[in-house]
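Q: Given chain A, work out where chain B should sit, using these hints.
Heads up: the sequence lines are chains A and B, in that order.
Take the first sequence: its position 147, counting from 1, is numbered 148 in the numbering used here, and each next residue is one higher.
Take the second sequence: its position 189, counting from 1, is numbered 190 in the numbering used here, and each next residue is one higher.
Simulated from the structure, these hints should not be mistaken for lab results.
Where hints are given, some of them may not hold.
Below are the DSS-like pairs computed for lysine-lysine, each with C-alpha atoms no more than 25 Å apart in a straight line [what the hints assert, rightly or not]:
{"id": "1", "chain 1": "A", "residue 1": "K47", "chain 2": "B", "residue 2": "K143"}
{"id": "2", "chain 1": "B", "residue 1": "K267", "chain 2": "B", "residue 2": "K44"}
{"id": "3", "chain 1": "A", "residue 1": "K44", "chain 2": "B", "residue 2": "K47"}
{"id": "4", "chain 1": "A", "residue 1": "K6", "chain 2": "B", "residue 2": "K143"}
{"id": "5", "chain 1": "A", "residue 1": "K230", "chain 2": "B", "residue 2": "K6"}
{"id": "6", "chain 1": "A", "residue 1": "K47", "chain 2": "B", "residue 2": "K6"}
{"id": "7", "chain 1": "A", "residue 1": "K6", "chain 2": "B", "residue 2": "K102"}
{"id": "8", "chain 1": "B", "residue 1": "K277", "chain 2": "B", "residue 2": "K264"}
{"id": "9", "chain 1": "A", "residue 1": "K6", "chain 2": "B", "residue 2": "K44"}
{"id": "10", "chain 1": "A", "residue 1": "K28", "chain 2": "A", "residue 2": "K310"}
{"id": "11", "chain 1": "A", "residue 1": "K278", "chain 2": "A", "residue 2": "K28"}
{"id": "12", "chain 1": "A", "residue 1": "K143", "chain 2": "B", "residue 2": "K6"}
{"id": "13", "chain 1": "A", "residue 1": "K44", "chain 2": "B", "residue 2": "K44"}
{"id": "14", "chain 1": "A", "residue 1": "K197", "chain 2": "B", "residue 2": "K6"}
2 protein chains.
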Amino acid sequence: MSSWKDNLRTIDPYVPGEQPNIEGMIKLNTNENPYPPSPAVEKAMKEFDLDSLRLYPDPNSELLINAIAKRYEVNNNQVFVGVGSDDVLAIAFMTFFNSNKPILFPDITYSFYDVWAELFNIPYERPALDDNFNVRTEDYYKENGGVVIANPNAPTGIKQSEDMLRDIIEHNRDVVVIIDEAYVDFSGESALSLTKEYDNVLIVQTYSKSRSLAGMRIGYAMGNPELIKAMNDVRFSYNSYPMTRLSVAIGAAAIEDEEYFQKTNKMIIDTREWTKKKLTELGFSYGDSMTNFIFATHRSVNANEIFTKLREKKIFVRHFNSPRIDNYLRISIGTQEEMEKLIDELSIIVGGR
Amino acid sequence: MSSWKDNLRTIDPYVPGEQPNIEGMIKLNTNENPYPPSPAVEKAMKEFDLDSLRLYPDPNSELLINAIAKRYEVNNNQVFVGVGSDDVLAIAFMTFFNSNKPILFPDITYSFYDVWAELFNIPYERPALDDNFNVRTEDYYKENGGVVIANPNAPTGIKQSEDMLRDIIEHNRDVVVIIDEAYVDFSGESALSLTKEYDNVLIVQTYSKSRSLAGMRIGYAMGNPELIKAMNDVRFSYNSYPMTRLSVAIGAAAIEDEEYFQKTNKMIIDTREWTKKKLTELGFSYGDSMTNFIFATHRSVNANEIFTKLREKKIFVRHFNSPRIDNYLRISIGTQEEMEKLIDELSIIVGGR
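One chain only, chain A, in its complex shape (with noise of 0.2 Å):
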């Protein structure tokens, strides 16, 4: 009869990770983190005139471009804000993306990118990481469609050398090269300085981590200011005003607190190292994770039988049944305490074996 589900867009829907709510559970899945958001933040809202919601927001989030144009020393044409890095990164594949030819990313990522690729039908290929889950520059090398590098990544934690990004850049100067920066600010330096030398590179960056701020979708590309016009003229296409005037608040606010961001940062890192120790100690191995997770896999206990048990303890940490990773898991860093009675449990669970 009715055909209209002949034009349907089918899609193997993605299933986003579970948002457990249990009391006293330690919640380790979605790499949020520990610590509440700025304080800044809490003033932000106490000035916030809720009258003033009856309005549209400023489709530009001037506010918002120009805190984050402040903090990373670059113009306000340079910045694109959206909806969480996940609108981001999707208008960033719409708006690059539309040549025939496949784009590249690892095989082991960020579980999006394949996902938005399907849904914008573009062409893709995932050269595979090395054992150690390292990029290997050469399967850059030959002609593409685009380049996506998560960096540190995900869910392996490693981070690549600036070195090898140029390496990548440099033979991939007629495609824009994406780098996914959803974790850089527990491991260091930023590449942003290379959208200077190099017109085809965007950094995209995130207020779900470093900023405590997941609940309010806030993230941001960086780039020279041709690549963000054009993101804008898609965006503009898509939805006008894409940030709610509380994201706007929020956001500008929260990044101006430098040295809120810096200690909780400090702090995550701190209790990440003191994890990393005890995780050999009880027999797991990883790569040097430069992130607010670690991904890890034991010598002698299977990742799916340390997941389910550490569930029965309420303690949720992220398994992904996917070819070469299955048998790890991927551990976000919580407090200090709560990672204390993470180490407690595996304890229990790994005991002597």
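A: Then chain B, alone, in the frame of chain A:
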């Protein structure tokens, strides 16, 4: 040299209406609600735990979806939410309009439909409204890839009868028919009941007009669960967490305050009817507006002249420089006091002409 520009999605950027921010202005150009959001919003904000912003939102926006479903007496799986109705409509276009046949919508209607069609490479045709800006239903009998009807229509303000909609739907059982009801709360009945009879009808509404929350970017669609699931599959393949935690909390609280909603809508409708009478006395004519704006033309004074003179008085209305409607002004309904000032200025501008 570099050819990354060859792969750009090039598109005539949509230019959003201006958002002036001038002391003492009367803003009647973007159909915002002159009244603040429900007091329930302030209460929800006071109770909101800002520390929870460190966590991702519920990907299913359950709290918000439940509140909308309850208000409209439908099931949860019949409601889709997005970042304003622009996001909802864009996803509906992406989801449902994947044939090679043109989709159909009127020549004079919401100016985003053709922009989305261009963005997603959807062919389209725009049958002309008749001279009174009414839809000619027979234009929608031919084979097509989908139908979009704004009802009441923008920028005309005119509402088509349910019989006319039913006629169009009956001739289009094999494509999705979207009824964009952004302004329906100022017009009496919604066509929501048609979704019970027809599995291919999608109703789209928004918080931006009748619920005074343009700044929070909340839109929703209602229809049979298969339509909603198809949209969610696309949604989750684009962005897993589209709605901020604050949007969910505020949206749920606002829709529960039915009394405030009825009261402010009635005030706007009363002011609209008062304004219509005054405009007639001044020599304006207009279709029978069923929205929170009036689309009016003057018997002797050019629209652009009126637009410019009002602007000098810090009164902002909307003028579209488009064929057939370039001698009209779209005037949003403000408070009674604002409209009295508008009428005073208009009587000076058109006085005796």
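Q: Please write out, lowest number first, the hints stated earlier that are contradicted by the structure.
A: Those not satisfied are hints 1, 6 and 9.
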